[in-house]
Amino acid sequence: MNDMIAVLGPDSLGAIIQQHTSHAVQLWDRDPHPGREPQMIIDATLGPVSVKRDRLRWLADQYPQTPLLTASSTVLFAAQQRWLPVPERLIGFDPWLMQANARVLTVTDREDTRPLHQELLAHLFPDWQWQWVADQVGAVFARVIAPLVNESMEYLSMGLTDAEINRAVKLGLHHPKGPLEWAHLFGLSQVGLVLQAMHRSLGERFLPHPLIQRQMAEEGVDLDA
Amino acid sequence: MSADNLVIVIGSGTMGRGIAQVALSHGFRVHLVDPSTSQREFAHKAISQGIGRALEKGQVPREGTLGWPERLTMGPDWHDRDPAWVIEAIPESLDLKGPLFTQLDQEFGESVWLASNTSSIALTAIQGMARRFPHRVGGLHFFNPVPRMALVEVIAGMATAPDFVTAAHALVKQWGKEPVTVPDRPGFLVNRVARPYYLESLRMVEEGVTDFEACDQVFEGAGFPMGPFRLMDLVGIDVNFSVSQSVFEQTFYDPRYRPHALQQNKIWLGHLGRKSKRGFYAYE
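Here the protein sequences come in this chain order: Z and S. FYI, in the working numbering the residues of the first sequence are -12 to 212. FYI, in the working numbering the residues of the second sequence are 65 to 348.
Keep in mind that the hints were calculated from the coordinates and are not lab data. Glycine residues also receive a C-beta, built at the ideal position from the N, C-alpha and C atoms. Among the hints, a few may not be true.
Below 27 Å or equal to it, Euclidean Cα-Cα: the simulated BS3-like pairs (lysine-lysine) are [stated by the list, open to error]:
#1 S/K241 with Z/K164
#2 Z/K157 with S/K121
#3 Z/K157 with S/K241
#4 Z/K157 with S/K237
#5 S/K339 with S/K121
#6 S/K121 with S/K241
#7 S/K241 with S/K109
#8 S/K109 with S/K121
#9 S/K341 with Z/K164
#10 S/K237 with S/K121
#11 S/K109 with Z/K157
Simulated coverage check for chain S against chain Z, where a stretch passes if three residues somewhere in it have a Cβ under 8 Å from a Cβ of chain Z [claimed, not checked]:
#12 119 to 133
#13 168 to 182
#14 267 to 274
#15 277 to 284
To give an idea of the chain S side of the interface with chain Z (calculated C-beta under 10 Å), a few residues [unchecked claim]:
#16 T245
#17 V246
#18 P247
#19 L263
#20 G287
#21 F288
#22 M290
#23 P292
#24 D318
#25 R320
#26 Y321
Given the sequences, and given the hints that come with them, work out the whole structure.
Structure, rendered in structure tokens:
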């Protein structure tokens, strides 16, 4: 097995992950590199669901030994397990915490595989703390940040600027980033994907704001695309 | 008294005396109104200590604080004074604020700006109680603790004159703070955008997704100074609950802002946070 960790996701993620591991990190684009079996594959993509499913199946087939850390913010971990012939290789996680360069990351897996995964994650990323959470879309960070961005869209549509909204939230609440800065970091349409998933799974209150829906339409981004 | 830089602050609770302290620290004259003698005495002591601490830490310009005791008067009413501003900071209830603004509107001339420090009541509702000159009524929402928090939300109700906003920005800047004009909607901007931080966290704990300590660790690990539960304990679970309730009611029961039963239960038990030594966490 190669000593490298492969990452599928936004460009910025590779550099962040590299800060937390002594293993080489390689950013894979949409066409992974056959033949090189990494230590771990991190799929930080949120959708569309069908693309994510096909990619995970392909990765599981090409790299039969490699553990897969997969974003479970938009598709339940349990559902993703059902896509694979060897589901115990799978660990769910929230990629936004990685992108936010957080100290504590949340993960979801099966209880029977947890000791193995704890050991593996501690070995690969010794300075990250891992918090195990139940299997639910958005849990925990994205569940709060996505609606926070959604709320702020209303103020944009009323004529406030990004800077005013960010400034008010940072000064009034001491959040490390304003809502529009989170949106910029993760991508507004990616926020839309998380909201879409939570809207389906958790209720009406997560309906993406029309401005987010428009952005998603313009970019052709949709969970069902 | 001249109107040049006299501010009347009504209510000497945490917010009122904080506003008074900031004004006094920047060369303004203040008349602090509170019907309770003991409350006024307490406020005077708190302001004195607050200015002393701020000076020690270099948080206020020394020249702004010079002679502040001579610039502070206190009393049970505001009669026979000629202020530039009247800032109301009484408890968060339209039943209390409404009649007060009716009275202020009757007693002060059109050139006196009347501001409410409400954190969640619609300004237009308050303005509706000041029928004589509603255009000089608006919101100045300070954050707690006032001397340390830089932001002030400036709120124009439906009938507020643009001049109010201009004057409010100038005043807030003179006090070393940063004004942001926000729309007159329930929770204005900050309290509205903050709702998911608390409410979704409460829901996740109830749903068993995580526990409150782990939830706090996740957010604190991402750079938030306090996780949602630690912050609710600091602010007061009852205070946080009442803001959610106010936003929920004023949005005609939008489910996004539905207050959470876990908070209600804590309030029933008297577990209000740090101030009662017990909230989500226990405090010695």
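Each hint, compared with the structure:
{"no.": "1", "hint": "S/K241 with Z/K164", "in the structure": "holds (20 Å)"}
{"no.": "2", "hint": "Z/K157 with S/K121", "in the structure": "holds (23 Å)"}
{"no.": "3", "hint": "Z/K157 with S/K241", "in the structure": "holds (14 Å)"}
{"no.": "4", "hint": "Z/K157 with S/K237", "in the structure": "holds (18 Å)"}
{"no.": "5", "hint": "S/K339 with S/K121", "in the structure": "holds (25 Å)"}
{"no.": "6", "hint": "S/K121 with S/K241", "in the structure": "holds (17 Å)"}
{"no.": "7", "hint": "S/K241 with S/K109", "in the structure": "holds (24 Å)"}
{"no.": "8", "hint": "S/K109 with S/K121", "in the structure": "holds (18 Å)"}
{"no.": "9", "hint": "S/K341 with Z/K164", "in the structure": "violated (31 Å)"}
{"no.": "10", "hint": "S/K237 with S/K121", "in the structure": "holds (21 Å)"}
{"no.": "11", "hint": "S/K109 with Z/K157", "in the structure": "violated (31 Å)"}
{"no.": "12", "hint": "119 to 133", "in the structure": "violated (count 0)"}
{"no.": "13", "hint": "168 to 182", "in the structure": "violated (count 0)"}
{"no.": "14", "hint": "267 to 274", "in the structure": "holds (count 5)"}
{"no.": "15", "hint": "277 to 284", "in the structure": "holds (count 6)"}
{"no.": "16", "hint": "T245", "in the structure": "holds (8 Å)"}
{"no.": "17", "hint": "V246", "in the structure": "holds (7 Å)"}
{"no.": "18", "hint": "P247", "in the structure": "holds (5 Å)"}
{"no.": "19", "hint": "L263", "in the structure": "holds (9 Å)"}
{"no.": "20", "hint": "G287", "in the structure": "holds (3 Å)"}
{"no.": "21", "hint": "F288", "in the structure": "holds (6 Å)"}
{"no.": "22", "hint": "M290", "in the structure": "holds (8 Å)"}
{"no.": "23", "hint": "P292", "in the structure": "holds (8 Å)"}
{"no.": "24", "hint": "D318", "in the structure": "holds (8 Å)"}
{"no.": "25", "hint": "R320", "in the structure": "holds (4 Å)"}
{"no.": "26", "hint": "Y321", "in the structure": "holds (9 Å)"}
Consistency note: the structure conflicts with the earlier hints numbered 9, 11, 12, 13.
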